[in-house]
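Chains as they are written, first to last, in my numbering: chain A, 1 to 255; chain B, 1 to 255; chain C, 1 to 255; chain D, 1 to 255; chain E, 1 to 255; chain F, 1 to 255; chain G, 1 to 255; chain H, 1 to 255.
Simulated from the structure, these hints should not be mistaken for laboratory data. Remember, it's a predicted structure, so these values are computed and weren't measured experimentally. Fair warning: there could be bad hints in the mix.
[What the hints assert, rightly or not] Simulated DEER-style distance windows between Cβ atoms: (1) E:V94 / G:Q63: 40 to 50 Å; (2) B:E167 / D:R70: 24 to 34 Å; (3) B:E167 / D:A22: 15 to 25 Å; (4) G:D21 / B:R92: 50 to 60 Å; (5) G:Q63 / A:S171: 28 to 38 Å; (6) B:A17 / H:E167: 27 to 37 Å; (7) G:A85 / E:D21: 44 to 54 Å; (8) B:K8 / G:E99: 51 to 61 Å; (9) B:A85 / D:A147: 41 to 51 Å; (10) A:A22 / B:A164: 23 to 33 Å.
[Stated by the list, open to error] No farther apart than 25 Å at their CA atoms in a straight line, the calculated lysine-lysine pairs in the PhoX-like style are these: (11) G:K8 / B:K8; (12) C:K8 / F:K8; (13) D:K8 / A:K8; (14) E:K8 / H:K8.
Each residue gets a CB set at the ideal place from its N, CA and C atoms; glycine is no exception.
8 protein chains.
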Amino acid sequence: MTREAILKLLQEVASGAASPDAALGRLAHLPYEDAGFAKIDHHRSLRLGLPEVIYAAGKTAAQVAAIFARMAETGSAVLATRATAEHAAAVREVCPVAEYHAEASIIGLPAASPAEKHGPLAVVCAGTSDMPVAEEAAVTAEYLGCAVDRIYDAGVAGLHRILAQQETLRSARAVIVCAGMEGALPSVVGGLAAAPVIAVPTSIGYGAAFGGLAALLGMLNSCSPNVCVVNIDNGFGAAYVAAMMLKAGQRQNSE
Amino acid sequence: MTREAILKLLQEVASGAASPDAALGRLAHLPYEDAGFAKIDHHRSLRLGLPEVIYAAGKTAAQVAAIFARMAETGSAVLATRATAEHAAAVREVCPVAEYHAEASIIGLPAASPAEKHGPLAVVCAGTSDMPVAEEAAVTAEYLGCAVDRIYDAGVAGLHRILAQQETLRSARAVIVCAGMEGALPSVVGGLAAAPVIAVPTSIGYGAAFGGLAALLGMLNSCSPNVCVVNIDNGFGAAYVAAMMLKAGQRQNSE
Amino acid sequence: MTREAILKLLQEVASGAASPDAALGRLAHLPYEDAGFAKIDHHRSLRLGLPEVIYAAGKTAAQVAAIFARMAETGSAVLATRATAEHAAAVREVCPVAEYHAEASIIGLPAASPAEKHGPLAVVCAGTSDMPVAEEAAVTAEYLGCAVDRIYDAGVAGLHRILAQQETLRSARAVIVCAGMEGALPSVVGGLAAAPVIAVPTSIGYGAAFGGLAALLGMLNSCSPNVCVVNIDNGFGAAYVAAMMLKAGQRQNSE
Amino acid sequence: MTREAILKLLQEVASGAASPDAALGRLAHLPYEDAGFAKIDHHRSLRLGLPEVIYAAGKTAAQVAAIFARMAETGSAVLATRATAEHAAAVREVCPVAEYHAEASIIGLPAASPAEKHGPLAVVCAGTSDMPVAEEAAVTAEYLGCAVDRIYDAGVAGLHRILAQQETLRSARAVIVCAGMEGALPSVVGGLAAAPVIAVPTSIGYGAAFGGLAALLGMLNSCSPNVCVVNIDNGFGAAYVAAMMLKAGQRQNSE
Amino acid sequence: MTREAILKLLQEVASGAASPDAALGRLAHLPYEDAGFAKIDHHRSLRLGLPEVIYAAGKTAAQVAAIFARMAETGSAVLATRATAEHAAAVREVCPVAEYHAEASIIGLPAASPAEKHGPLAVVCAGTSDMPVAEEAAVTAEYLGCAVDRIYDAGVAGLHRILAQQETLRSARAVIVCAGMEGALPSVVGGLAAAPVIAVPTSIGYGAAFGGLAALLGMLNSCSPNVCVVNIDNGFGAAYVAAMMLKAGQRQNSE
Amino acid sequence: MTREAILKLLQEVASGAASPDAALGRLAHLPYEDAGFAKIDHHRSLRLGLPEVIYAAGKTAAQVAAIFARMAETGSAVLATRATAEHAAAVREVCPVAEYHAEASIIGLPAASPAEKHGPLAVVCAGTSDMPVAEEAAVTAEYLGCAVDRIYDAGVAGLHRILAQQETLRSARAVIVCAGMEGALPSVVGGLAAAPVIAVPTSIGYGAAFGGLAALLGMLNSCSPNVCVVNIDNGFGAAYVAAMMLKAGQRQNSE
Amino acid sequence: MTREAILKLLQEVASGAASPDAALGRLAHLPYEDAGFAKIDHHRSLRLGLPEVIYAAGKTAAQVAAIFARMAETGSAVLATRATAEHAAAVREVCPVAEYHAEASIIGLPAASPAEKHGPLAVVCAGTSDMPVAEEAAVTAEYLGCAVDRIYDAGVAGLHRILAQQETLRSARAVIVCAGMEGALPSVVGGLAAAPVIAVPTSIGYGAAFGGLAALLGMLNSCSPNVCVVNIDNGFGAAYVAAMMLKAGQRQNSE
Amino acid sequence: MTREAILKLLQEVASGAASPDAALGRLAHLPYEDAGFAKIDHHRSLRLGLPEVIYAAGKTAAQVAAIFARMAETGSAVLATRATAEHAAAVREVCPVAEYHAEASIIGLPAASPAEKHGPLAVVCAGTSDMPVAEEAAVTAEYLGCAVDRIYDAGVAGLHRILAQQETLRSARAVIVCAGMEGALPSVVGGLAAAPVIAVPTSIGYGAAFGGLAALLGMLNSCSPNVCVVNIDNGFGAAYVAAMMLKAGQRQNSE
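Generate coordinates for the entire structure from the input sequences, incorporating the hints supplied.
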């Protein structure tokens, strides 16, 4: 409820068009559904074009489909992450235009009126095993309105692969780097890019990789100062942070 | 070695001004001594106005002073982080205009021709004990060209303190949040801000705080999707990432 | 063996009704089988109305049913926690009035003569995934004689949800808060409530959540001083502590 | 701002006693700057008589003395925890009636008009090395208005020591148990008491005690269901939770 | 090769019955194939009557049966630990007198000529869930020639259960205590027994039990000085150490 | 209170020499202050000749001296472990016959009437840096009445050193092995000895030794089944367990 | 692009056969696709005869077969590690001469023209459970051109087994040691061998083995200075390092 | 005792020059004092020219000097690692030709007749803070007879620094890489070198570096297969392994 809506309501009360009791009813949820909070959420999603997101893991296909359908009615973009093919089938029955990105495990519905693309955002991954996480990041970012450059299978043991992509890295306005095992790639990319690097440790590896802990610690201790980190396998979160960066940049200039 | 330099060399070969053998010699170290690498570094610091940085911890006062003086000659901004009053005294003998920010433990020399400020960047901290880390972030960000709004002592146990700052958070284009103990503040701020949040766990706490580990894990698992994390007590790194974000945004629009 | 029983025995010895040797035999196990210990257990369950509890995990349906039936004969309340639908079916064959609470995974039989309700106790959880743990706490507390107010899906990333429940929190005489991921909610609730907060870390999350460790450490380091913690996913234990608090309060005043 | 206050405001608008604009102004900061927050804090400290607390560790003697003096002016009780003799000397210069409890490392100033005592609260510790933590708990609890029974040096390797105190444990309305090393005492006490047990792991021990981690894990896994846990060495927090329990109990009955 | 055998060889050389070169050949592998090593193993199993042991986990039923049959031919006792019913069926086809102890997961064949029993050894466990580990210890110890007293379900939350067994504990010459969760029982038993206590942490528990780590750390930090520890769930090892203790005691006196 | 004393009391009641009420008074504290508990402690120390022990670390010289003197009056052996030269000087002022073992950091007073020696007990250590822990074990064991064979500086990297001591190991009735770093020695000794091995991890090492954790884990996972483990650097505890083993052996045979 | 190719290109420019612009085009990717990098890879695999390697875990049988077939066309040796029988069947359909080593889980195709063998390399393992890792190492090493001596089931609890192999160890030019549980074997072997020891911790064990962590820490802290370590279960990596050592030695001498 | 010595002894027995009994006496300790073991040690140090090494940390200056002097008499090289200037002063009083390498903290005495140099060995470090560890490795390697190329301050955030050294890396026959923080450098170097890489994690870093744990885990999970790892800060061990590699290579070819 916006400031304007409240003022309008108060004016109705003043004019007798609304009784105090009826007004109270409409204000009832005010402290929590109040414009202050809703405004942020709303404002954010309206202006930044951020979609509604469903975390599908642990939900039944029917549950995901039901939530997806309800969200789709608002016209905003909708994402379901960690979604299986079974989830996708159920969603597409109720929402046939939704698309399933199998490698990213994402079901997506683009916004009705897509915004201009921001970027470019580079999404880099170290090995082919890291690709599902990288795709979660890349596909999410695309639904969040980013133009994405993918640089895959560019691990540090064969430096020529990442060096061959210097131009792309140099022109990126934000970079997401997904790597498991020793998690060294963000430090290398951090030195090549002129933009913030969001590092995503992946759970790829075995033994002393400890489910992504080795990569996580490596990234937190990066000697490149332009590296920040999100949770293990959290491609979605990295994309969300990156999209906010790019949009916050845009906002500044349009104000 | 730039593209132009290589073309010029090839033209000399074509014209006979250089023999193929001599040209080969000049190309020999090309893959690694190539300007391509230097260019990045140079380009970045020139265009983005990022200062030279000295990590003073573990260095003698004389060492810090000597390095500081050499860097100051280039006219760029210079920062020495984790610097003691003793370090500062030594630096100011050789570079009297340098300033010492005691709470931030930073010795700084502004760039000769300061760039326009970017931002606003909000720097938030949970308790007064977190202030040294928050100040390291805030002072660094200011030297990196950011306009900083400080919101200190706003821990989640007294929500009214952070809620009272909603307007500042809403208008920030990037937010840094420093917190020790349970590290809950970034999640709360993440829900109030419309910008990326860079979380800095601090080593404040005792017992099961394990030197910042509890806060670090908490921040990595934040339920707010716009939160990314840097190393424990790494206020400098958070400011560096934030400044890059803001400048990357600017760059995009000026291109 | 009570003080009175011992005195009676000694009087029998004095009167010759019992020989010293026979008396010794009856006193023989005194230090360990003494009523003193049984009395506590008995006294406690009688006065406080605490039910008998079966931890069903790892037991067969037949085993749980047999134990449940035997306990039910005593007329006290009976609880089986971590119980599956299969466990429930077996129990209800031998004890048809037992109820199965599927989300809480609890089979319960109310006490024959239910005591007056204590409370109110607020049970709060951060996300829908935390609901099974919250329900284990809430249902347990109800069988233990508490009046429970549920506040679900009130994570800190959307503060308006928990702020909307301030009145309920303020009037609660004890609060249980279940949260996974970063476990920040107890600190926030701790600042809003005027009662002790029992925090239950849940194993919800992935990657650096480390099966609930992140939430556990966060809660142990809460900046709200009125927070104490139980084991990961231990909704039962939290309810037990809360019920004892409320009953100990009652006891005091009735004495 | 209560529901009644809003209704009253709306009625004023309806009657013309307040203009819509003026009403908007009074509603403007409602969700976050609302008295609701201040009220809680105020209400809590007024009704429960909880003192102001200073965490002295890391503060200079002058700082502690200044804060202490300012708080003392309000007439409420004041506590400074983790305070050294040097802190105490400085405080007593500005506030001569303050008392220093050396073993508890607490400087305290009782409330001007002390409330009735609540309890009894039993404070138990396993070994003499745990006494500083136990004293922090006991002295804090006394300033918070509790009647405290101390049971010290009652480790489980000599059960007769704790068994000799059964009567005291049985009559306690809350119990705090401080133990280092293996942290087994809370489980044993949990079985003997008819009240909630707040366990405080201490950092006493060496080697695989890992600074209190062994005791902490032991207490979190207690087989006694009436045990909850606070941070390592956090005697203050245990006392705070216990005092809130006892006062919440009282509150209920006086309502 | 025994001292006697070497002397005999030297005498053959002295008498010319063996040439120095031939003798060298027979001595050649002496440092490593020497009877010294075999003697220990042999001597130990002969005198102490220790059985051959097969760790069945991870082996096929056929493999276990084959190894078991080969060992059984020697007439010594044979044990297969961590054995399933399927393993047992296969073994009993080739060795019908072997017995399967389902709760202990042990297949056993007593020695042809059983030795005199040593002991008594008390085997204690905290909860019914710890019984498989306790049974592994108890059954192993019996095959190793110990007289075993079982004290089960004697957790510290109900002290009367363990106190009722004081006499048995006092007369035991060695005690094995199996406990999961907080692992407090060995400390309590250590104070009641006049013999060494071998503590076995079990993996029983959840959450912060971390698969037995909590119990392991607790036991390593026991405040009872007569407690030593073996690996998590290692009932076999505890029994082996206990049997060696009892037999070493016997040996001394028979020498 | 012994069985005999209770019988005598009952006979006095029967004869009228004591009234039931008076008898009740004398029995009053029976369940917890009963001789049953004291008897164990007493019985144990009388029969097994175990000394009183003071943990000197963290106590002042004056405190240690005072406790030591009081214990010395009973005529039993007295030990102060982790004692400095300063502690020793203070003790020897009040108890001149006490001896200080500097390498073991132990102040000891032999029992007035020393018992027969038990053993032999072998104390082995891996490197010279482990000697303080080994000496704590060896000296403690000697005061506890054991005959000790020391085998020092016998690390596994030079196997000939430990192999040269096979005869001593083979004849030992119990073995204590102290080792830091990788903690491999107990496994090797376990294969050479025909007796239980009590392994003591030491905190010797650096980096991934993690203060003795590497050695501790190694020893807990020993492939020799006759190995049990005590806490890091706990030479005292190892000696205590070993002495109890040897005395329990003796007891059996003398009964 | 080789040095020769560049020279040839420059000569074409000199002769006018290529224009400077066209030459620039061909040189364009030089800094990163330059022969410098390819040369290393190529040179290395050509001279050292290292095979192409496929990590089969997580790939479908069809994927592995397709990659294998493509690599086999180059004539170099090909390895697929962590391969199942199903992978093997698929590979042998497209490449019938490939061999499947079931215990090592390796599918291998020898180089068309096998190089001279290097070595000898000793591969040692502690228990039969460690054999799959040891076989991964041994088979890999053989495909990499090493002559391998296997020493299996030589754990330190029965020293005679490893001592019997001293001659083999003494003559080895590199040694790989695979061990789980306490991981003590590399230290013992390190003392017996006159060559570098590459230690491979295995995940064999339970409880406090923590999936190989105990063995890993043990090996990192080895008291034998000639021990280095690879990841848990990484038999392949150990073989790769060993083969490089042996080939680097050869290279030196042939230069 | 060598094979030859045994044969000679047997010949004396055959000739009657020694009686069988006397010969037995001389053979008595054979299994453990046998030349087999000594031979290895001797053979190794003689042939490979490895020096005697003293770990000075924790030893007094007098102790180090005494041991150093005794070792120096044998004419072999002598090293004292982790030595302070004070240690060095004491050593040089008794052995004036010893040299102190301050940055490496090593006191060294070259062998009387230095062997031919092996190598080249490249020693690389990431930052200037890693130099003490790198120097420990480099200086040790030089005393062990290696020709060392130092490549310092070549962290991955500025790739041009390490790329500029490709030629040196390519020609090295073994490489040692020291790095703290995220420990990424060994993976990068592993891809550039054609030789085994021995990675040394350093304790440089703060926060989530956890004293070198992050670097250690990173290196263990390196995606370059030619990387093996030693303990944190163990420059000495890395040099020892490297020297053994180079010498084992030489040995092969000279045989």
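Any hints this thing doesn't respect? Which numbers, in order? Violated: none.
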